[in-house]
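K.L.:
Spelled out, the chains give:
2 protein chains.
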Amino acid sequence: MKSEKISDAVVRRLPVYLRFLSELSMREVATVSSQELGQKLDLNPAQIRKDLAYFGDFGRKGIGYDVSYLIEKIRQILNLDQQINVALVGAGNLGQALSNYNTYLKDNMKIVAVFDASPSKVGQKINSLTIQPIEDMVETVQRLKVRIGIITVPDVEAQRVADQLTSAGIEAILNFAPTILKVPSEVRLHAADFTTDLLSLAYYLDNEKENDKHDA
Amino acid sequence: MKSEKISDAVVRRLPVYLRFLSELSMREVATVSSQELGQKLDLNPAQIRKDLAYFGDFGRKGIGYDVSYLIEKIRQILNLDQQINVALVGAGNLGQALSNYNTYLKDNMKIVAVFDASPSKVGQKINSLTIQPIEDMVETVQRLKVRIGIITVPDVEAQRVADQLTSAGIEAILNFAPTILKVPSEVRLHAADFTTDLLSLAYYLDNEKENDKHDA
Numbered sequence: 001m002k003s004e005k006i007s008d009a010v011v012r013r014l015p016v017y018l019r020f021l022s023e024l025s026m027r028e029v030a031t032v033s034s035q036e037l038g039q040k041l042d043l044n045p046a047q048i049r050k051d052l053a054y055f056g057d058f059g060r061k062g063i064g065y066d067v068s069y070l071i072e073k074i075r076q077i078l079n080l081d082q083q084i085n086v087a088l089v090g091a092g093n094l095g096q097a098l099s100n101y102n103t104y105l106k107d108n109m110k111i112v113a114v115f116d117a118s119p120s121k122v123g124q125k126i127n128s129l130t131i132q133p134i135e136d137m138v139e140t141v142q143r144l145k146v147r148i149g150i151i152t153v154p155d156v157e158a159q160r161v162a163d164q165l166t167s168a169g170i171e172a173i174l175n176f177a178p179t180i181l182k183v184p185s186e187v188r189l190h191a192a193d194f195t196t197d198l199l200s201l202a203y204y205l206d207n208e209k210e211n212d213k214h215d216a
Numbered sequence: 001m002k003s004e005k006i007s008d009a010v011v012r013r014l015p016v017y018l019r020f021l022s023e024l025s026m027r028e029v030a031t032v033s034s035q036e037l038g039q040k041l042d043l044n045p046a047q048i049r050k051d052l053a054y055f056g057d058f059g060r061k062g063i064g065y066d067v068s069y070l071i072e073k074i075r076q077i078l079n080l081d082q083q084i085n086v087a088l089v090g091a092g093n094l095g096q097a098l099s100n101y102n103t104y105l106k107d108n109m110k111i112v113a114v115f116d117a118s119p120s121k122v123g124q125k126i127n128s129l130t131i132q133p134i135e136d137m138v139e140t141v142q143r144l145k146v147r148i149g150i151i152t153v154p155d156v157e158a159q160r161v162a163d164q165l166t167s168a169g170i171e172a173i174l175n176f177a178p179t180i181l182k183v184p185s186e187v188r189l190h191a192a193d194f195t196t197d198l199l200s201l202a203y204y205l206d207n208e209k210e211n212d213k214h215d216a
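If you're matching them up, the sequences are chains A and B in order.
Throughout the first sequence, residue numbering follows UniProt numbering, covering 1 to 216 in sequence.
Throughout the second sequence, residue numbering follows UniProt numbering, covering 1 to 216 in sequence.
Heads up, a few of these hints could be off.
If chains are identical, the list can't say which one is meant, so a pair holds when it fits in one copy or spans any two.
[Unchecked claim] Taking lysine to aspartate or glutamate and the EDC-like style, the derived pairs with C-alpha atoms no more than 16 Å apart in a straight line are:
id : residue 1 : residue 2
1  : Lys-121   : Asp-136
2  : Lys-61    : Asp-155
3  : Lys-61    : Glu-36
4  : Lys-121   : Asp-57
5  : Lys-121   : Asp-197
6  : Lys-110   : Asp-197
7  : Lys-61    : Asp-136
8  : Lys-125   : Asp-8
9  : Lys-40    : Glu-23
10 : Lys-110   : Glu-36
11 : Lys-182   : Glu-36
12 : Lys-61    : Asp-81
13 : Lys-182   : Glu-157
14 : Lys-182   : Asp-8
15 : Lys-50    : Asp-8
16 : Lys-182   : Asp-163
17 : Lys-182   : Glu-135
18 : Lys-50    : Asp-163
19 : Lys-182   : Asp-42
20 : Lys-121   : Asp-163
21 : Lys-61    : Asp-163
For the record, the hints were derived by calculation from the structure and aren't laboratory data.
With these hints in hand, go ahead and build the complete structure from the sequences.
P.N.:
Here is the structure:
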């Protein structure tokens, strides 16, 4: 069912669908149309139908999608039907902010360990997790079968942390350090650097203005 | 020179190019080939040439790109040749972490104001900015000509903040709250929710394994 041809853009929309479907499920809504999904998510309904059709034939004409069934399917597609352990490396402001997200992650994905290089932070608790020394990282990652690492250390330390996580057998890295990391091709790397988001937003500032002018 | 047809994926790569080019410039490297850029950034050189060709004819066959010239051009394309003021709404751990990024932003983009709803935070300083009460937001955004807003408030407050920023005339929003915001079509909205990043990474976990199996 899975194919390497699915673009990352499609994959990144699945958690967005999942979140809205979970909201519907909590409100005990049984079915939803691609039109309703599209309206809520500001996406073209045809795009949504196409995205979901990559993975199977989930919708029924005139009825729409069964909310519970679609939640179950998307969770399977995202591998969230199994426990996925996550480690957070770097317990500064950003690391602490991210550890708060454990509440939102729900599902089976969970931050199970936090590491920091600073002796003053080791032993402190953030969100019920005790900060561990970075020297213990490889051993702990292997023992807890951590599959995803989140890097929130300063940029000069990021590559070394990525190397250690890789050597410990991690499968995917979400990097918040504002630097370009090199990892082996079998490790999936996403850069979550917010300066990229912010600088790319600036691109749209003048465009909007130009459109306004045309409209006027 | 600008066109609405440029995909967001291309736009998001421009800051990445810009960052590496700035590194080269600091090392006093005068020219760079698309091969060198591609190797460093893990991108296909043809992809890089295509990305840059959307905006102009910057490279020279057999020589490559003039580093200083390309930096200047990308900064122009991203509107970074003008001052762009940014406001941060929400001074929790995430907001504080993001305010640290002012150092990385350099260029002309700058966080010039921070707001929070909590009276205990108002008046405190983070990275030389005094936290202001959220009630002052609309007035301050207009007075300082803030064009981009970063939302790092809890999800239940995010839509109200987005509405206020919109009414204050903001042009773009980077939203970190894990909720789907509705903004008028003239406001550019990027969602920087890290749970989406993390959940979509999980998609690739089993794929990697399947590949390993095939390789074995």
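K.L.:
Are the hints correct? Go through all of them and say.
P.N.:
Going down the list of hints, with the structure as the test:
1. When the C-alpha separation of Lys-121 and Asp-136 is checked against a cutoff of 16 Å, the pair qualifies only within one copy, where the shortest distance is 14 Å, while the shortest distance between copies is 36 Å.
2. Taking the shortest alpha-carbon separations for Lys-61 and Asp-155, neither the intra-copy value of 51 Å nor the inter-copy value of 34 Å comes in at or below 16 Å.
3. Taking CA atoms no more than 16 Å apart as the test, Lys-61 paired with Glu-36 passes inside one copy only; the shortest distance there is 14 Å, against 51 Å between copies.
4. In this assembly of identical chains, Lys-121 and Asp-57 lie within 16 Å of each other by CA distance neither inside one copy nor across copies; the values are 50 Å within and 51 Å between.
5. Neither within a single protomer nor between protomers do Lys-121 and Asp-197 lie at most 16 Å apart by alpha-carbon distance, with minima of 29 Å and 27 Å respectively.
6. Taking the closest pair of Cα atoms, Lys-110 and Asp-197 come within 16 Å of each other only across two copies (14 Å); inside a single copy the shortest separation is 25 Å, beyond that limit.
7. In the homo-oligomer, the alpha carbons of Lys-61 and Asp-136 never lie at most 16 Å apart, since the shortest distance is 54 Å inside one protomer and 50 Å across protomers.
8. In this assembly of identical chains, the alpha carbons of Lys-125 and Asp-8 never lie at most 16 Å apart, being 35 Å within a copy and 39 Å across copies at closest.
9. In the homo-oligomer, the alpha carbons of Lys-40 and Glu-23 lie at most 16 Å apart inside one protomer (11 Å), although the nearest pairing across protomers, at 42 Å, exceeds that limit.
10. In this homomeric assembly, Lys-110 and Glu-36 never come within 16 Å of each other (Cα to Cα): the closest approach is 30 Å inside a single copy and 38 Å across copies.
11. For the homomeric pair Lys-182 and Glu-36, the shortest alpha-carbon distance between copies (14 Å) is at most 16 Å, but the shortest distance inside one copy (41 Å) is not.
12. In this assembly of identical chains, Lys-61 and Asp-81 lie within 16 Å of each other by CA distance neither inside one copy nor across copies; the values are 28 Å within and 51 Å between.
13. In the homo-oligomer, the alpha carbons of Lys-182 and Glu-157 lie at most 16 Å apart inside one protomer (13 Å), although the nearest pairing across protomers, at 38 Å, exceeds that limit.
14. In this assembly of identical chains, Lys-182 and Asp-8 lie within 16 Å of each other by CA distance neither inside one copy nor across copies; the values are 19 Å within and 24 Å between.
15. Taking CA atoms no more than 16 Å apart as the test, Lys-50 paired with Asp-8 passes inside one copy only; the shortest distance there is 14 Å, against 19 Å between copies.
16. Taking CA atoms no more than 16 Å apart as the test, Lys-182 paired with Asp-163 passes inside one copy only; the shortest distance there is 8 Å, against 40 Å between copies.
17. In this homomeric assembly, Lys-182 and Glu-135 never come within 16 Å of each other (Cα to Cα): the closest approach is 21 Å inside a single copy and 45 Å across copies.
18. Within a single copy, Lys-50 and Asp-163 get their C-alpha atoms no closer than 38 Å, and across copies no closer than 31 Å, so neither meets the 16 Å cut-off.
19. Only between protomers do Lys-182 and Asp-42 lie at most 16 Å apart by alpha-carbon distance; the minimum there is 8 Å, versus 35 Å within a single protomer.
20. With identical chains, the CA atoms of Lys-121 and Asp-163 are never at most 16 Å apart, being 22 Å at best within one copy and 38 Å at best between copies.
21. Neither within a single protomer nor between protomers do Lys-61 and Asp-163 lie at most 16 Å apart by alpha-carbon distance, with minima of 49 Å and 36 Å respectively.
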